[in-house]
Each structure stands twice: as structure tokens, then as C-alpha cells.
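Protein chains in written order, with the working numbering: chain A, 1041 to 1257; chain B, 81 to 298.
If you're looking for bench data, these hints aren't it; they were derived computationally from the structure.
It cannot be assumed that every hint is accurate.
Straight-line Cα separation of at most 25 angstroms, SDA-like style, residue types lysine to any residue; simulated pairs [said to hold, decoys possible]:
no., chain 1, residue 1, chain 2, residue 2
1, A, K1163, B, V134
2, B, K233, A, R1053
3, A, K1163, B, P164
4, A, K1206, A, N1146
5, A, K1231, B, R83
6, A, K1163, B, R83
7, B, K233, A, K1143
8, A, K1143, B, S95
9, B, K233, A, P1094
10, B, K233, A, E1198
11, B, K233, A, H1112
12, A, K1163, B, L101
13, A, K1163, B, S95
14, A, K1163, B, G155
15, A, K1201, A, P1057
16, A, K1163, B, W86
17, A, K1163, B, A283
18, B, K233, A, G1055
19, A, K1163, B, I89
20, B, K233, A, A1118
21, B, K233, A, R1075
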Amino acid sequence: MSFISVTDLAVSRGGLPVLEGLTFAVKAGEILVLRGPNGAGKTTLLRTLAGLQPPFAGAVTSDPDAVAYAAHADGLKATLTVTENLSFWSGVYGGGDIAPALKHFNLEALRDRPAGNLSAGQKRRLGLARLMVTQRPIWVLDEPTVSLDKASVAIFAEAVKEHVAKGGAAIIATHIDLGFEETVFDVTPFKARHDVVRNDFDTSFDDFEDDKDGAFL
Amino acid sequence: MIRLFWRDITLAFRSGGGFGLGLGFFLILVTLVPFGVGPDSAQLQIIAPGILWVGALLACLLSLDRMFALDYEDGSLDLLLTAPIPLEGVVAVKALAHWITTGLPLVIAAPALGFLLHLDMAAYKWLIITLLVGTPALSFIGAFGAALTVSLKRGGLLMSLLVLPLYIPTLIFGAEVVRRGAEGFLVGTPLALQAGITAGAIALLPFAAAAALRVAAR
């Protein structure tokens, strides 16, 4: 049984479709890595999977309470300490223990520091530690390694591996190689085509646009 | 939910949290009025209910735009949307926290400021009661306005334009109760209408605000 499955999904940003015809499924123990150039629609796809926006077409089948989402912004409050930030999210998600998460992401020494005084990489680590306290099976991660150093990336990769080994799953948009046994899913071929005039409105104009594509790129 | 409530209260009291912003504004406004109007106590006594209510309303408005905008900017709102708590509850809890950090201090400070404006002795009771009954409506209506404008940077002007017309009934009935109380008339009707507005706002607007936030997240 798959945790999350997507059939003929199209996602839109600002009312315009950016990706279409997506079909894939993620099972327990799997890691799906999304690749594609900037602006390809990875974030939009992940937001749709997390249930933050409705699909433009097609369907996402998953338990909405199974997804833990982590975006570019970490959702930290600058005036709360590391522990306060983390225990707030732990409380919201039903009270998981925060100590293992602090330990894993090497935040124990910083626990009483206000989050506003952390460096960008430390904030990121705290944002990722939040995933561990949510106790949700599917991690949907948008560029999780931004501003992490090499050691922290390894820590993060270890956390994902542990999570997956315990029967979780992860969908990650990233540009770097994290060293998983992963399924790579390139979103580029699913780019929604705005240049195609639908309903055969003007075929010759269509052809002209198609020919020119290469020249512009 | 309780966690969220305490987080919002804690944030309000930490540096840059906005607690005291409304209260400070209220104090300044009401203290300045006698300087502007003149020290004639009879004149001040007439305008006191109106000034106190307008002051409370503007003080409330001042801190509204922070209610969801800060969570939107740092990404917390997206995370709250995917969290296992209903968004309507999130809105209600945040509006309640706003009332406790903004509305309640106004209720407590109002009698002292009523003294500055020579408010009639008989009216103090009604001033406190109407503020207590009316200011929750200001927070909940404000939550709706703040939710509608959450995705706009510096959406304060638009939010004020949306929210102020909705505040007017609460203002009219609130000031009317205090004025009638000062003159010894019956206050039942305006007070009941004001309480009705508050009850309606608390019951309905969290749903409207949650819908607005879901649209903003797209």
C-alpha cells in the first residue's frame, strides 16, 4: 500500500498550470527525490502534496494528517528559544519528545538561545528537527539543505535514512546528491505547455512556435 | 491549541511583541484630548464616553495587522495549516490571545482614563461592562480583516478600510450604553445589541477568517 499516490496531477501557480500529467506513488520506506531547474514547479508540487493548495487537475491520494511539510521558511519565532520553538511544534503535533530531535541535530548546546540569535544553518537544523517531533510518516521537504554545511547535510541525510528505515517515507526537492538509495523523479518533462494553443485554434501558428522553441533556449 | 495560545501570549510579551502598543496609544490619545478640547469639565463629561470608545477601537486596530502577518512571513502559517489542529480553532485562539494582550488591558486602564475626562460616576460601571463585552468583537472582526489581507505586504491600510465599517456598530452601541448610563437611562437595548454583535463575531468570523487564510496559502 502506498502512502501517497498521485494520478494525472496538474498543479498551478497563480491560476496557471506549471506541471501536468504527473503520476507517481511513494510507499513506506521509499525516498523520492524531485529534480528540475529553478521555476520548474517543484515547490508548487510539494505544496499541493502537503494539502496547502488544491490540485489544478487530477488527484492526490493520501491521508492529509500523514504529511509533515518543511518549506524554505522554518516557521521559527525569533524571540522564543530553541527549546520553546521545538516544544511548541511538538505540542501542536501531539506531544512527541523533543530530546532526541535536539540531540540528533546537534542543538543541545544551543537549547536556551533565542532562535533569532542562531546562524542560518543552525536555524535550518532547528527547522528540520521539527520534522522529527511531528511523528508523521511522510516528510515533504522543499530544498532542506539550503544553508547547511557538509557535516549538517550528513546529519540531515542520516535523519531521513533513520526515518525511512522506521517505515516512513520522504519526498524531497533538492539539487544536491544526499547519498540515499532514492528514486529520482525529474519534473522537467511534465512542464505545462502554455505555447500550445488548445482546441486547434491556429495550427500553423502552433507549428511556428514549436520550431522556434529551440532557438529561444 | 493551548500551546498556541500560550505561544502567542509569550510572543506578545517578549521584545517587539506588541503588548502595550495598543494600551500606550490609548493612554496617549485620551490624555491628549483634554489638552485639545480644553479643561472645561462639563464639556469633557459629555464627550468622555465617545472618546474612550473611539480610543479603545483605534488602539485595537493598531495591533491587528501583526496577528497573522508575522506567522505568514516566517512560514509558521503554512505549518499551522498542515498541522492536526483545525484552522478555525487556530484563528479563534489567536483572536483570543489578541484580546487578552490588547483588549483586556484597555478595559483595565479605561476607568483611570475616565477619571481624566471627568466621566460621570454612574457611567464607570457601564464603561467597564461595555468594553468587556465589546472589545472581543473588535479582536474577532479584526482577525477576519487581518486574514483577508495577510498575503499583502503593508496591508494595514486596506485592512483598516475593511475593518473600520464593521467596527462602527460596536462603537455606536458601546458609547450609547455609557452615555445612557451616565444620564441614568435604561441601557438594556444597546447593551443587548452589542453583546449580540460580539456573540455573532465570535461564532462566525473564525470560519470566514480560516477560509481567507486557506486562499492566501495557495
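To see whether the hints hold, each was checked on the structure:
no. : hint               : result
1   : A:K1163 to B:V134  : violated, 42 angstroms
2   : B:K233 to A:R1053  : holds, 19 angstroms
3   : A:K1163 to B:P164  : holds, 23 angstroms
4   : A:K1206 to A:N1146 : holds, 21 angstroms
5   : A:K1231 to B:R83   : violated, 42 angstroms
6   : A:K1163 to B:R83   : holds, 21 angstroms
7   : B:K233 to A:K1143  : violated, 37 angstroms
8   : A:K1143 to B:S95   : violated, 28 angstroms
9   : B:K233 to A:P1094  : holds, 24 angstroms
10  : B:K233 to A:E1198  : violated, 38 angstroms
11  : B:K233 to A:H1112  : holds, 18 angstroms
12  : A:K1163 to B:L101  : violated, 29 angstroms
13  : A:K1163 to B:S95   : holds, 19 angstroms
14  : A:K1163 to B:G155  : holds, 13 angstroms
15  : A:K1201 to A:P1057 : violated, 33 angstroms
16  : A:K1163 to B:W86   : holds, 22 angstroms
17  : A:K1163 to B:A283  : violated, 38 angstroms
18  : B:K233 to A:G1055  : holds, 21 angstroms
19  : A:K1163 to B:I89   : holds, 23 angstroms
20  : B:K233 to A:A1118  : holds, 19 angstroms
21  : B:K233 to A:R1075  : violated, 31 angstroms
Checked against the numbered hints above, the structure violates hints 1, 5, 7, 8, 10, 12, 15, 17 and 21; every other hint is satisfied.
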